[in-house]
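Participant: Chain residues, written in single-letter form:
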Amino acid sequence: MKEELVEYTRKIIDKAVSEGFSEVAVLLLNEKRSMVKIANSEPSVVQHWSTISVGLYLVKDKRIIVARVEPSSIEQIDKPVKELLKIASRVEESPLYAPLPKPEKEPKPLEGLVDEGVVRAIENPVDLAERVVEVAHREKVDRVAGTIDLAYITRVLATTAIGNVLVEDSTRLQAYLRAFAGEDGSGQWALGSTRLDTRRLEEMASIAARYAVESRNRVEIEPGVYDIVLSPMVFGNLLNYVANMASAFMMFMGMSFFVNYKPGASIASTKFTLLDDPLNKELPRATGFDDEGVSTRTKPIIEDGVFKTILHNSKTASKMNTETTGNAGWIMPTPWNLVVRAGDYKLDELIGEVKKGILVTNNWYTRLQNYVEGQFSTITRDALFLIEDGRITKPINKLRIADKLPRILSNIDGLGRDLYDIQWWEVRIPTRLPYVLVRQVHTSKHTV
Amino acid sequence: MGLEDLVLYAVDHALSIGADYAEARYHKNTSTELMLRNGMVLGGGYGVVEGIGVRVLVNGALGFASTNKLTRESIREVVEKAVEYARAHSKLMKKPIEFAEARMGRARYSVVEAKKFDSMSLDEKIRLLKDLWNSVSKTPKEVKLAVLVTTYSEMVEEKIVANSDGAFIESRVPRIRLMYNMVLAHPQKGTLQRMHVLGASGGLEWLDKWKLTDRLVGEAEVYEKVLLTAKEPPREPVDVIVGSEVVGLIVHESCGHPSEADRILGREAAQAGMSFIKPGMIGYRIGNENATVIDDPTIPGSYGYYLYDDEGVPARPRYLYREGVVYEHLHNRWTAKIFGVESNASARSMDYRSEPIIRMANTYLKPGNYSFDELLEDVKKGVYIKSYMEWNIDDTRWSQRYVGLEAYLIENGELKGYVRNPVLEITTKAFYSNIDAVGKELRFYAGLCGKGEPAQGVPVWFGGPDVRLRNIRLGVMA
Chain A
1 MKEELVEYTR KIIDKAVSEG FSEVAVLLLN EKRSMVKIAN SEPSVVQHWS TISVGLYLVK
61 DKRIIVARVE PSSIEQIDKP VKELLKIASR VEESPLYAPL PKPEKEPKPL EGLVDEGVVR
121 AIENPVDLAE RVVEVAHREK VDRVAGTIDL AYITRVLATT AIGNVLVEDS TRLQAYLRAF
181 AGEDGSGQWA LGSTRLDTRR LEEMASIAAR YAVESRNRVE IEPGVYDIVL SPMVFGNLLN
241 YVANMASAFM MFMGMSFFVN YKPGASIAST KFTLLDDPLN KELPRATGFD DEGVSTRTKP
301 IIEDGVFKTI LHNSKTASKM NTETTGNAGW IMPTPWNLVV RAGDYKLDEL IGEVKKGILV
361 TNNWYTRLQN YVEGQFSTIT RDALFLIEDG RITKPINKLR IADKLPRILS NIDGLGRDLY
421 DIQWWEVRIP TRLPYVLVRQ VHTSKHTV
Chain B
1 MGLEDLVLYA VDHALSIGAD YAEARYHKNT STELMLRNGM VLGGGYGVVE GIGVRVLVNG
61 ALGFASTNKL TRESIREVVE KAVEYARAHS KLMKKPIEFA EARMGRARYS VVEAKKFDSM
121 SLDEKIRLLK DLWNSVSKTP KEVKLAVLVT TYSEMVEEKI VANSDGAFIE SRVPRIRLMY
181 NMVLAHPQKG TLQRMHVLGA SGGLEWLDKW KLTDRLVGEA EVYEKVLLTA KEPPREPVDV
241 IVGSEVVGLI VHESCGHPSE ADRILGREAA QAGMSFIKPG MIGYRIGNEN ATVIDDPTIP
301 GSYGYYLYDD EGVPARPRYL YREGVVYEHL HNRWTAKIFG VESNASARSM DYRSEPIIRM
361 ANTYLKPGNY SFDELLEDVK KGVYIKSYME WNIDDTRWSQ RYVGLEAYLI ENGELKGYVR
421 NPVLEITTKA FYSNIDAVGK ELRFYAGLCG KGEPAQGVPV WFGGPDVRLR NIRLGVMA
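Order-wise, the sequence lines are chains A and B. Anchor point for the first sequence: position 414 equals 414 in the numbering used here, and the numbering is continuous, going up by one each time. Anchor point for the second sequence: position 91 equals 91 in the numbering used here, and the numbering is continuous, going up by one each time.
For reference, chain B alone in the conformation it holds in the complex (with noise of 0.2 Å):
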């Protein structure tokens, strides 16, 4: 039986035996890995997950199984396994689960690799690595680069969905990423350390485009300078340019995750937590009018990029804060029933034996039209906070903390020196309602999110233009 038989079957089995809806999904996830440390190759890695996930609802409950044996009799038990436990506590359901009625896709696609992974040989791809090494280890001159971790990953993301409500959906995505750690050390000075990761997908284009030469070796120069000149932020209130970086994390953190419905209605509450967005709030006012915040699974390169969710429903850009008002959230068809509105595609699964839940995709800050320099020009003092390491945010996504890596102080409108490890501790609504000025380049940053239990880690880009905050306390580290 084929792959499309089997996911039919499926679909076809569950209802036969009394599921009210069912879908299932054939997920694919091949990756190739190579992790090299101070230039020597420590390994490679190689991973296949593979199989069939099917989610159906029986009197008003979910069930969900998965196997990764795929045969007809393998399915028939997984299908019929769902179906059983759905039914077992749908006798517990207070409200019993429906899906909003939405537009089905039926469509295959798939992102074309402008360079695809087997144009350049794996002796290629190590020597890259290794000249890497060979020219970022060179760069500090007065303090020693410790550890420089590459960690570079070729991945293939391959998607069969039907459902019983019409949908189909064939899809195939590459992606690309690199991440590296970074450790800086000096006798009297201590350590730095810097965690980057870059991703998108595509295929090896993006190496080019990383111009990972130039990104390593001129961060390398610029921590060192960091770990040996910096000083300590001021203890007076001051203007804040949040850089890019942060600014993504920051709408990926407290935008992105409470906008999300599922979060909004408790279904995490014991895991990721809960949202200070609550039932009713669309057109609470949460910032400025420079505050608007768009979620996009449609950007092409991006990693968090799909046409079609795992619910089968197509993507579009969704505006979660729009001009500094909660405006829309991140609905599956779950959510989308019970706030009476059409999902909006946010449904993704890590792999086959993940249930789709609700997650963000390619989340930034619209850019504004300040040049970076007009966003310096009437600064009289402040703190330039380029890059991150530590961050974190409560549960209700309300309280936020990042400590910068790469910050300067600013004054009369110019850069002067570094500032060691600005502590920005601020509330989401503060956040939004003290951005004064917009950078107008945008610019994206890889990660993977987590949520879900079992936790489920979905490719995802933030992003957004530098902004620039009026008179904020910033902290320093204990």
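Just chain A, with the same shape it has in the complex (with noise of 0.2 Å):
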């Protein structure tokens, strides 16, 4: 099957040369998937998907198409490249073309990224969610809801720059589920690897029962400025937004508080550092190759605070006259794992550092009023947790962080030694991060 793939890549690659594209990218993705979806603690739908998509970057007199097409044969993809040579004909000169980069050394693909564990699992996903209704269950929960999403996917890519067409295995397994007790509490937490580890499966399902049982009976408080201790999957969606804008294509256009900023520059606490890991073999989205074929590896985006590096393709770089960091996405570069490093303290030892604030276990939609200052809300949902004197004391209700980016990211001080890796929909980058303590964090909440 892969030969054919690799044929088949090829093949795409001549064929738009032939038809007068000067630079070709082809990046096929075969991917062979299955989610059970589960709600009420049943399955609600179990889900497979078989698919071939291919991605092209054409390129003819420095007028750049993309375009992803899902041919079911050779022939099929003849129809979308005339169609794109009458698209490029009549576009202009890109402000971002720069060539397909010829790296000096040839990039590996990452070996080891395979689990046959999750290549079981995808013909029988079922017996792992129920599984994991069954451990939730053990805590006094009411019903718990969730996924569990396995994959493996092979991706291959050719350039017209690299000798070789690049081919990588690799597998992903995407689980959450949220637990419902009593009137009002709930929990939810969330696992992303490339591995089948069933025991951080039951981990995810009781961290996510335990906090639906110690959130009942929530009782309202007045929002305001807090000490917040924001939970892996809490700051993980931030960090989501944050490395996402350190990409140049977002600073180009207008989408990234960053463009304030130089690398170099301090713009978080001195206790922060934030990575970029493709090499991470554990996190879903780990890769040898970025969509250029450029060498990935792992940097700083910021450092100790200062931030250190925007991330570029070849594009990005050339047009910001610098080296491109292996983050290609042909148009725009993408972070391809975050990792946050660990701190020193114990959950109970971040909480017992706030005098009155708040625990933050989950969140979701986040929105920005002004990405270029970074001014956002998010709405919190599930257990949330008055501290008062450096210990729990009750559930609270829902509000609304509602603050600046930046200033979330200096106001860090202090961040747990145990790390989580999470992926769910608010969190799309998979992310290996700790809890952490922001420092003045402001608040809101409906008014009537």
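No wet-lab data here; the hints were simulated from the structure. Predicted model only: the values in this text are computed from it and were never measured. Beta carbons are placed, not taken as given, at the ideal position from N, Cα and C, and that holds for glycine. Misleading hints may appear alongside valid ones.
As the list claims (entries may be wrong) - Coverage of chain A stretches by chain B, computed from C-beta distances (three or more under 8 Å per stretch; other residues unrestricted):
1) 44-56
2) 94-103
3) 376-384
To be verified - Below, simulated DSSO-like cross-link-like pairs (lysine-lysine); rule was C-alpha separation at most 30 Å, straight line:
4) B:K130 to A:K79
5) A:K86 to B:K209
6) A:K60 to B:K116
7) B:K125 to A:K79
Join these two chains into a complex; the hints should help.
Facilitator: Below, the structure is given as structure tokens:
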């Protein structure tokens, strides 16, 4: 099968070149995937996908065309390529254009990204669903909902600038569970990994269930400025925004507060380090090469509070007179996996640092009023606890965090020592991170 | 084998290997895109997503599988996979899934573009977008238009839906969309950002209707003044005129979403969340007599247009809130069975890879009789919020927040300058209970509504008239 995919990719390159494109990249994804969706503690649907999709990057006279098609045979690529040639002859030279890179050292696909456990579970995901439901119900929860999503992906890349066709196999598990207890208790947790480790799935179910039980009988508090301990679910969500904004393309498009800073500027607490880590083999987007065929590398986006790296592909790098960081995206550079450097605190100790504050375990709907200023709000969901004199005293009702992303980063005052691998709806980029204490966070709530 | 034959074969084969119900959908989404930044073409995009999705019911359990290999052999494999998965988890079903009886459609329909996409050359379209930059960039006088990104898309959605209960629907809906992101910058006053989407079903006739240059030049003029002159909103409770753009989003978020019956039953609990509406709440008073919200897939030209849903059920307007009470939910055939009603054709899927789930189409607040001047005239002190950027709502759709962008102070019935980022943070019941007067002009706005896992984004319109709320305390941004 793999040889067929390589051959197929080569043929697409040849076809596009013969049609008159001067530079071509083809990224083929062959995906076998299954997912169990759980609601009310039973599967609501089991889904399966078997898909080959082809991404095309085509250049003619410095005009850039990007396409995604799903041809069922090589012949079917004809029409899109001809269609794209029509577009290419009309659009003008792109200000982003740079030649596809020809790396001195050809990149190597990462080995060891495939877990046979995931491959087997794709054929029978229901047993895993049954297991997490059972584990969650060991606590006094009423019902759970969630998803177990398993995939085996072959990624094939060929470009007119590199000799070999690059092939990388990986597996991925993304799971999350939300538990409900009583009138108002709920908790949610997530896991993203290249590997299937049933114990970690069970841990995910247990955390969600415990938070659900502990957050029953909530009381209202007034919004204001609080010291807040953010769980990895919440901090992961905010860091997904931050890391995406570190993409040069987002800066170029007016979608990033990083336009206000240059690398080398202090933008966060000195306690905070955020890495883009494509070489971490346990995180689902691990890869040895980016979409332009450049070797990936691990690099700090923020290190000890200092803005270190703008994420580039060859085009944005050329425009900003620098080197690619191996984060292509043909148009938009993107982070691969995020890793936050652990701190020294146990969760209890982090909470112990708070005189009056809140532990927020989950959130969603983060939206920005202004990307250039990083002004946002997000609404909490699930378990939320009041902290008084260093101890959790009671579960509380939802409120919003309404603040600025740069201020959140600057006000980090402590990080947990235990790291969690999070990926779900609101944390799309796999993120390994701890609980974090942020001082003086603004919150808000409905006024009527 | 032709596409129609493949779809029918999928249904027949599923039944022959033990499915109690089978549904197959050929679904093709084609898109062409142009992206410009500050008048320069960054590049073009093209996409085709085409395949067949098969959904089956076996022993009360649902299975779904899809493929983009359009051969009989491949279709046979996915049908068998869907049946196998459904059968495997049927043992865990505490309550078997059943579908309500429904009138099944057998029809072909298509939206006709008054001006076809190819009636204008690519050169002309690019020129139009470049001219837009030329006009808009010259508009602000004291501030700089730092960024104007325009993304123009033409999309065509084609479907053939068949099921074992007799439905057969073939459809073609073309759509057009323009998204823009405008950043205005001033050295002392900072920045202001406006992102907006225009979208509709049909063709290039919408470019004329949208009057792009007038619209964006007008916005740039206004937003320059907002950035330079806007003051903090009043701290005391005031009357608020909520502009139709904001009303549209509010009814989508706080009426449409909580009225989705699958959400009410907990099927989306881990993703898009639950609903404050619980089973048995039909008739619950959520607001006053001005609160009537309708979702109607059949509005001609609408972004969320369809005549039959993906379960083959004929579409009709749905009255979700009627004169202040919860009146009807959005149903597919599964939820209709549980609630003891008929499906009102809310099952939609984004593409062939997606299972049909309950979605809105075009949701709006029913207009009233007031002109804008009449809404204004007896406001002693208030704020008019015309547009927004930031918003969010909790996962039961109760507590929501909208931050105004173009917003005005009202004094003694007149607009008196701009207000910076007024925050309307309100519960669903408070919003619908405080509507004191409703404008007569209905306007619609386009969006891509997200739901499901894997997430599905489907085109929708949301809209309404301007409305007036009395005695609301607005917030300010931190």
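Participant: Check each numbered hint against the structure and report the violated ones by number, ascending.
Facilitator: Hints that this structure does not satisfy do not exist here, as all of them hold.
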